[in-house]
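K.L.:
These are the residues of each chain, in order.
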Amino acid sequence: MIRTPTPGQTVGPFFGYALPFEADSQLVPVGHPDAIRLHGTVFDGHGDPVSDALLEVWQLDPDGAAVRQQGSLHRDGYTFTGWGRASTDATGHYAFTTLWPGAEPGKAAFFAITVFARGLLDRLLTRAYIPGDEAALAADPLLSSLPADRRSGLVATPDLEGFRFDVHLQGDRETVFLRYPGDG
Amino acid sequence: MDSAPVGSDMAAVSQATITAEIAQAACAYAAGGAAEPRTRLDYPSYRSSVLRHPTKDLHHADPEMLELSAPVFGERDVAPVEADLTIQHGGDPIGERIVVAGRVTDGEGRPVPRQLVEIWQANAAGRYIHQRDQHPAPIDPNFTGVGRALTDEEGNYRFLTIKPGPYPWRNHQNAWRPAHIHFSLFGTDFTQRLITQMYFRGDPLFELDPIFNSTVDPKVRELMVADYDHNLTQPEFATGYRWDIVLTGHVRTPFEEEQ
Ligand SMILES: [Fe+3]
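Protein chains in written order, with my numbering: chain S, 1420 to 1603; chain D, 2 to 260.
Just chain S, with the same shape it has in the complex (with noise of 0.2 Å):
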């Protein structure tokens, strides 16, 4: 028997004293030798930061493996447990410490990403892709159904430290957000 989910609410605006925990958005520490950066800025419908929202993404190991580990909420410096949470500052921005993501073989690698805002009433998902294995990117079935447009905003861009995503909430660089075929 199918039972119809329980429906989502906004995180509000006062989950700031409540989600974020030390380190949450450190998957691995600042100094670690393979840690890169996935950063970007959160916009609403006028282009303006939106300063009140959290992020949390979900990964592969670098290995391209699913993850098994606990310890994300009191980490350790030395479990790579695949998720993490980081909160937009007063800019818009939020970033994540983390590893370079490993996809399965011949499949193009992303971070999984949630968004939560005061002001968005239910949750959205969406996924960063990792730019570089083009053969790859051309095979994936969410990436190929999108025109070229679309799909742009869906890869990360590279830079010094590692990638930046944009998450635009609304507008002409609306990004796509997902829905998965049990969502109701």
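There could be a bad hint or two in this list.
[Stated by the list, open to error] In silico DMTMM-like cross-links for lysine to aspartate or glutamate, where the CA-CA straight-line distance does not exceed 25 Å:
| hint | chain 1 | residue 1 | chain 2 | residue 2 |
| --- | --- | --- | --- | --- |
| 1 | S | K1526 | D | E65 |
| 2 | D | K220 | S | D1568 |
| 3 | D | K57 | S | D1568 |
| 4 | S | K1526 | D | D63 |
| 5 | D | K57 | S | D1482 |
[Unchecked claim] Short derived list, chain D residues pointing at chain S, Cβ under 7 Å:
| hint | residue |
| --- | --- |
| 6 | T56 |
| 7 | L67 |
| 8 | E68 |
| 9 | F191 |
| 10 | I196 |
| 11 | V221 |
| 12 | A239 |
| 13 | R243 |
| 14 | V247 |
[Unchecked claim] Some residues of chain S that are not near chain D, with every Cβ distance over 12 Å (derived):
| hint | residue |
| --- | --- |
| 15 | T1460 |
| 16 | D1552 |
| 17 | A1557 |
| 18 | P1577 |
Note that these hints are calculated values from the structure, not bench results.
Where is the CB? At the ideal position from N, CA and C, for every residue including glycine.
Take the given structure of chain S and dock chain D with the ligand to it, following the hints.
P.N.:
Positioned in the frame of chain S, the structure of chain D with the ligand alone reads:
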């Protein structure tokens, strides 16, 4: 309070206007054919949502292996004592002590075992310990209003806390949120991630609140309302509320079908 920059015209919007908007949206939904089991992202009566909702339809994606898994939490993450919000300071918090308990299952009714549940809430006076909460109601030095728990093998969770008060916000003139507890949940799949709010049966503010009513289907909205449960009530100690949570359908993989 919601600190959205509201112009004077918007601040002047009355509860009657908001209530009429809510009723109009409900009428249109009842008259329309398509069921909406999810909360509406575009619900302008919640003023802050106007510039913060996607205007394009959510795009269909088939989950990859990554999205068919979810972060693992365990004893390293959460201590059992974190489920008791009444013992985090030197004294007893003020208010009605309540047990909030229930079961987390997926869309097929399977329990979600050993997974993280996070909650946060206002105190009995309707005040959050948050620097941006300017509601002139007392802060309770013995109540922070943040808890965490892991579900057990059958998907059950249980918190001991204080019944939160309703609180005012600046969405419109004389706007008040019904009493609620914010809940954050993970499933067995990344795609099941849920943040929602638990309400209390019979709250007179329900029909006035644009956030509650942004879930436009009345039957689905019911799923956010906890019921008083005398079986959870503890003699001489705390009243009990039961709230079961259903995450979205787990997407079966061929591998799992074989098992
Ligand atoms: Fe709240």
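K.L.:
For every hint, state whether the structure bears it out.
P.N.:
To see whether the hints hold, each was checked on the structure:
Under the criterion of a C-alpha separation no larger than 25 Å, the hint pairing S/K1526 with D/E65 is consistent with the structure, at around 9 Å. Taking the CA atoms of D/K220 and S/D1568, the gap is about 39 Å. The hint is violated against a cut of 25 Å. Proposed proximity of D/K57 and S/D1568 is supported: the alpha carbons are some 14 Å apart, at most 25 Å. Our distance criterion of 25 Å between C-alpha atoms is met by S/K1526 and D/D63, whose separation comes to about 14 Å.
Pair hint D/K57 plus S/D1482 does not hold up; C-alpha atoms about 35 Å apart against a cutoff of 25 Å. A hinted interface residue such as D/T56 counts as satisfied when its beta carbon comes closer than 7 Å to some beta carbon of chain S; here the least separation is about 6 Å, so the hint holds. Residue-level restraint check for D/L67 holds (minimum Cβ-Cβ distance to chain S is 5 Å; threshold 7 Å). Nearest Cβ of chain S to the Cβ of D/E68: about 6 Å, under the 7 Å cut. The hint holds.
Evaluation of the D/F191 hint against chain S yields a held restraint, the C-beta minimum of about 5 Å falling below 7 Å. Interface restraint check: D/I196 against chain S, minimum CB-CB distance 5 Å, threshold 7 Å, status holds. Hint on D/V221 holds. Least Cβ distance to chain S is approximately 5 Å, under the 7 Å limit. Interface restraint check for D/A239: the shortest CB-CB distance to chain S comes to about 22 Å, outside 7 Å, so the restraint is violated.
A cut of 7 Å between beta carbons decides the hint on D/R243: the least distance to chain S is about 13 Å, and the hint is violated. For D/V247, the shortest C-beta to C-beta distance to chain S is roughly 5 Å, which falls under 7 Å, so the interface hint holds. The non-interface label for S/T1460 is consistent with chain D: the shortest C-beta to C-beta separation is roughly 14 Å, beyond 12 Å. Look at S/D1552: its CB is around 15 Å from the nearest CB on chain D, clear of 12 Å, so calling it non-interface holds up.
With a cut of 12 Å on Cβ distances, S/A1557 stays outside the contact zone with chain D, its closest approach being about 16 Å. Distance check on S/P1577: its Cβ is at least 21 Å (rounded) from any Cβ of chain D, clearing the 12 Å threshold; non-interface status holds.
Checked against the numbered hints above, the structure violates hints 2, 5, 12 and 13; every other hint is satisfied.
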